[in-house]
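There are 2 protein chains.
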Amino acid sequence: MAGPTFDLDLASVFLGPKAENADIFERLLLEAFRDHVFWRRNFHPEDGFSISEIDRRREPYQESLSRLSQELLGLLGELKGGVPFFSPRHIGHMSSDSTMAAMVGYFATMLYNPNNVSAEASPVTTRLELEVGAELARMLGYPEGRDWSHLTSGGTVANFEALWVARNVKYLPVSVRWAAEELGCELPIARAGGERDDVRGLDLWALLNVGPREALDAAERLRGAMGQGPSHDALSRWSLASLGAQEFERKLKADFGDPLPPGVVLVPSTAHYSWEKICRALGIGAAQVRRIPVDRRFRMDVDALGSALCELGSRRQPVIACVSAIGTTEESAVDRLDLVAELRERAASESGLSFYLHADAAWGGYAATITRGRDGQRRTLEAARADYAPEDWPSPEVFAALCALGRTDSATVDPHKLGFAPYPAGAICFRDRRVRDLVAVEAPYAFASEGERTDLGRFIFEGSKPGAAAAGVWLSHRVLPLHAGGYGRLIGETARGARRLHRALAEAAWAPFRCVLLPETDLNIVCFAFAHPKLGTLEENNAFIQRVHAAMSPVPSRPARHLDYFVSKTLLRADEYGEAGEQVALQLGYTAGDYRRAGGIAVLRSAVMNPEVAAPRGRVDFLAGFVRQVAEVLEQQLFAPDAARHDR
Amino acid sequence: MAGPTFDLDLASVFLGPKAENADIFERLLLEAFRDHVFWRRNFHPEDGFSISEIDRRREPYQESLSRLSQELLGLLGELKGGVPFFSPRHIGHMSSDSTMAAMVGYFATMLYNPNNVSAEASPVTTRLELEVGAELARMLGYPEGRDWSHLTSGGTVANFEALWVARNVKYLPVSVRWAAEELGCELPIARAGGERDDVRGLDLWALLNVGPREALDAAERLRGAMGQGPSHDALSRWSLASLGAQEFERKLKADFGDPLPPGVVLVPSTAHYSWEKICRALGIGAAQVRRIPVDRRFRMDVDALGSALCELGSRRQPVIACVSAIGTTEESAVDRLDLVAELRERAASESGLSFYLHADAAWGGYAATITRGRDGQRRTLEAARADYAPEDWPSPEVFAALCALGRTDSATVDPHKLGFAPYPAGAICFRDRRVRDLVAVEAPYAFASEGERTDLGRFIFEGSKPGAAAAGVWLSHRVLPLHAGGYGRLIGETARGARRLHRALAEAAWAPFRCVLLPETDLNIVCFAFAHPKLGTLEENNAFIQRVHAAMSPVPSRPARHLDYFVSKTLLRADEYGEAGEQVALQLGYTAGDYRRAGGIAVLRSAVMNPEVAAPRGRVDFLAGFVRQVAEVLEQQLFAPDAARHDR
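Read top to bottom, the protein sequences are chains A and B. Numbered according to the numbering used here, the first sequence spans residues 732 to 1379. Numbered according to the numbering used here, the second sequence spans residues 732 to 1379.
To be clear, the hints were calculated from the coordinates, so they are not data collected in a lab. Honestly, I wouldn't trust all of these hints.
Identical copies carry no separate label here, and so any pair may be met within one copy or between two of them.
Lysine to aspartate or glutamate pairs mimicking EDC-like chemistry, simulated, CA-CA at most 16 Å apart [to be verified]:
1. K1265 with E1366
2. K982 with D934
3. K982 with E912
4. K811 with D1295
5. K984 with D1306
6. K984 with D934
7. K984 with E762
Work out the full structure: start from the sequences and follow the hints.
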């Protein structure tokens, strides 16, 4: 965790807006490439060459390579039609340049083509993947050496794996009871409130409210009492994963009478659409996603969460999991995870209601580095705030939430977001590595003699996976360690840039327009809208914002090279944003009724990822230029015809 | 589809075992890199440089870059501890070198970092992804312009998405009925046998046996009759995806009385372990995976499949899907998909039993290129066989199975397997693009005015996804088109190499050992075992094979550079392989009882991917060397102590 002792210069991290570091990048790229070339050449050099120089002069060989060159040139031209994420003129999408380390590490490893599905074919990169996972788990605050953390293709798969595990953990005590009954084994288990009883005597509601850790402990005790083989077989046979939802449900009904209403998943009302997708795919059902309103800072309302828990408890509806967002994709809002974790403890001890807690920190996870000193230890809020002064950041609430990540059962943290690594690099960290047994496709006891197994494909959702992604993230972590002196510096700059942008938008002279800003962001995404006396309806206003966005986005007829600045947009849908969106509507001069009728509010959105937004290094203040450009486009687009809509 | 007119020289496709093409690769790499560098530099050149030469001389900047260089050198050293997939001395794992086109295309695009989650931020690479998908769909034989095909992180996610869709299609007629009842709408629907009745009059068994296409047609007719809004809302509200398995089941029971036994998924008994994982995750349940025995060629036994269908039909157990393997991961066995497709038609017309048909062609999908002439049209078996003469390949059975891919509802085809593209590049192709509506997280009608939407994240399982992967595959398809003159050449060489290896193993003098070969492979994976009089038990024999494998695999104490040849291994588990494995046990001189007791047979396994195995280009015949090396290792390892086991 130690990392560099020097004060990091962020200019050394990226290729640079004008590829200022091209010489270094090229040197490292060639180093990696040639090192690989001569590894091939020196691997059994006695074999000689397979392809001779004479072969290479023949017509078919030359034609094939000409074709490759030609098509590559075509591709290179096409690629320039995309959004220039590398430029500080892009303050829009949640995409940016990757670190040189991550890109060079990725490329160097791609030449070897390792597949992390199984360590047998990727001994090196599987190790790097598990190292990276362990680093992220330490950053979150999970007890060292007991976590289970690995990379995924992205946040959706990471969140999917977490909820898959959560469901298995939720129903595990039922399987433990059925297994104990089959084996004729007495097994004490602690209820949510703490009292211990024989598992065979618990009713369904009590079983579905055994805490996640106690459920795993109980399964382990069963194995301890009965031996791995028979207890594992029975546990596995009676698991939801094995029986499937339909048979499991039938057996519940047969054994317990009415099997209670279906288990729900609690998410903030503004949660990413992938949560609905995940619940559909798992068979939990979109209707079982319970959306908790957000407050005016777009954070899950903890009081509303408490009320929902009470209501669910009173009608005995099990809660599979609660998902808390650490950095929403639209506003980078950070839920009060500390309060959610406390509420969870209270719900267990006072109401006998227990659930799995997952942090969707796909966007904000790396921000936890600001809570860690160079020694990897937690530092104080004051120390953190001193680093980012004079900005008023991090707020005590955000800092407390980041420190509470260690109190969750699992967290998604995507290196390809604020880890600035190339796609695909998501990650899922589980606090308790025993959850692996609940998803492993092969009985782990069969391999007990082989020590720690690293055939990832058998313990995680995905199979084949690029070892190159692991190496890229690993190398980036070497240069930017997971503490305030490494990634913390970079994340801090993005937060400073967002504050600077917020201020600039608030202070600019927009008349006759009026700029309506969402409340100051918890991390680094700024959302803003505009009102104008001529925009009579919210529908007209929304169409206007769409036009402004379109004018600052590349399209085939007006490619990136013709544009000066780039922004993104989003829609605050009334059914997701509720009162949090209503306040924006009111500030824009519309009514709550307008807001409901229009279905939501279109806003412009700037995810600040480029460090130059906070601190211009060259002669251009890109932030000031961005604001000027927005003002110009507002004028141009006020009465322009509607552009074709292209929602996010 | 046209592609090059010249006769492809495969030596031009890869970097080469001794990096013979290093000069060209380096030129293209630098071309891509510098083209990107100067794109950055020429993007608003008036901005000037952000990072000055003086900045770059400062200590923190220099230290950070020194650290990057140092750590990169460390990584480069570590990477050499892996398996040298690029070398023809590796005839083992299903991993190989990637094409230069795919690697350069990947790298060139990584510099731009596009994310294919949404076309707004990746207009170019999303288009390339959909182009690649359409090319694969055409190769499979799906009707042009009506498919829905895209890339995934790999085969597991592709197969998962297929089964997710299959389940939604299976239960769609039930939702159609419920929606028709709610809307008070008469809707004729065709039963499996063809007779049309009002959907509201069908019993559950009939509903669950409406064919996949008719189910989609009925949903479309409902929308046509009632308008998109209300019918879509009702259909969506009554869907399994929305209600979740538990509520759906309750409603089935309430409406139809006993809701029938749980739906099963039929797979060949040797199917990849990910199928069990997928059924666990979807909530279908591992117990609902019905394994159909394989014949002596390791192909799903179509008669056994027929019997299973009869049995399931007689007890009215619905079949969600049948999965057929086109190239198993262990033997590259190709199921008789043509016969399976015929059986499906017969089951519908004669027994009123309908199901979704998916081809897991993750490994073998690209082999369908051998059935296509340069014009993209299907060619004859004779024309294909003439290309690969004097080898007796493809067999009429394999050719017929590959031609039947177009008769499935979906197929997984992984470019990162026999497409020789870097990870991550799986692909899923659906025959009927209307299936998208069953998994989309947002009501498609809400966007009907916007024409074709390309926010992939809303229509597929995954979210963020590297645009670079799409560009890599796209560029590789330009150089190696999807017909007999492109990929067909390469796949053909791997099949020829496998046949040459099979013959060499059969003909070598092994005494006092005896080589037992699995039947000749359908594609390009050769499995083989050895018997010796001193190996009294099958357990001893299995341990011996493990030692032989370990001696031909890198470990930290004996890294790749100390090894001459590389092989992989697998275990023919008795519970999966049944009689197909028993024949191998008998040939080795053991009894059926020995086979059951040992739990299976360890065999060595060579996935032939390097074209040089078929046709040595240089002075070394790697195949002959491989066989000699195996013979030496057999002698060495006969009485060696057991190495630590490291299963696949």
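Now for the hints, and whether the structure bears them out:
{"no.": "1", "hint": "K1265 with E1366", "result": "within (12 Å within a copy, 90 Å between copies)"}
{"no.": "2", "hint": "K982 with D934", "result": "within (14 Å within a copy, 24 Å between copies)"}
{"no.": "3", "hint": "K982 with E912", "result": "within (14 Å within a copy, 30 Å between copies)"}
{"no.": "4", "hint": "K811 with D1295", "result": "within (15 Å within a copy, 45 Å between copies)"}
{"no.": "5", "hint": "K984 with D1306", "result": "neither (35 Å within a copy, 32 Å between copies)"}
{"no.": "6", "hint": "K984 with D934", "result": "within (12 Å within a copy, 24 Å between copies)"}
{"no.": "7", "hint": "K984 with E762", "result": "neither (65 Å within a copy, 66 Å between copies)"}
The structure shown violates the earlier hints numbered 5, 7.
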